[in-house]
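Q: If you're matching positions, the sequence shown starts at 1 in the working numbering and goes up one per residue.
Please keep in mind that the hints were generated in silico from the structure rather than gathered at the bench. Do not take every clue at face value.
Claimed, not checked - Computed cross-link-like contacts, DSS-like style, restricted to lysine-lysine with a CA-CA straight-line distance of at most 27 Å:
1) Lys-171 - Lys-181
2) Lys-54 - Lys-171
3) Lys-231 - Lys-181
4) Lys-279 - Lys-54
Bear in mind the structure is a predicted one, so any value in this text is a computation, not a measurement.
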Amino acid sequence: MSGVKSSALADTVPQALLPSEPAVSDEAATWVLLRGLSRESGHWGEFPQQLLRKIREQQPGAQLIMLDLPGNGMLHRQSSPSEVPAMVEACRAQLARFGVQGPVHVLAMSLGAMVASDWIARHPSEVCAGVLINTSLRPFSPFYRRLRPLNYMTLLMLSLSRLGYRQREAKVLRMTTRLLKQPEAVLDHWVALQRERPVGVRNTVRQLLAAARYEASRRRPAAPILLLCSKADRLVDWRCSQAISRAWGAPLRLHEHAGHDLPLDDGPWVAQAVGDWLKMRRMQGLDHGEWH
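Assemble the whole structure, with the sequences as input and the hints as a guide.
A: So, in structure tokens, the structure goes:
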């Protein structure tokens, strides 16, 4: 489907394929997608197309841009920042390189959602709305709920192990998903991504450090926020999203059965939740940037 672009392909995506003007209306909205720890834009699977179909019911001219954090995907040769604010600056630089001035909508999960939160806090004029998926933020939740140390230690040990790509990715897939209908096909794709664009151990550690260090503001963000989470998430306790919702007064949608990778486990559910949120805001006559 046209309208889905990966701005991580900095040297290969023609500028004309991306929005050349700031997204100043809902109809011309630009959506930025950010993944989490050691994941890249290729891990979204079919979700971007599912999301774009729903978004365009409310924002007919919407475009999607998938960014990679430094150290992941097309940027795997770069060193990952060990601080979330530096990741924000890297994302801003990617958008600037493509002439996307914003304000943009950001949909992000896990570590990517921390980046989105910080982006909104530091540059409120650049982000008009955010959808945060299965994330956790200090100071709203204790460490043992935010990171589930045993499972994150498992991810770290996997990156240090001598297991082959397939064995490692299979373990990650089992930890992060619960509802896949064709897990072997997804695993084949993940293995191909890792072989082509491997994420180094040092970058994995630096991303873990960035996530552990980050502390969000207690103040409600300037941009309206939708929170989505999975009750069966093995990496992040769903109550972390609940705590953020209560602190900020942001709407929360809970999936009862999906794992941490909610867009992969049930992309249509996520797309519908975002579409419903946009429709509700339109019915209420809210401009982007307005909470209620």
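Q: None of the hints should be skipped; say for each whether it holds.
A: Structure-based check of each hint:
1. Lys-171 - Lys-181: Judged against 27 Å, a Cα distance of about 17 Å means the pair holds.
2. Lys-54 - Lys-171: violated, 32 Å
3. Lys-231 - Lys-181: holds, 19 Å
4. Lys-279 - Lys-54: holds, 10 Å
Violation of the numbered hints given earlier is confined to hint 2; every other hint is satisfied by the structure.
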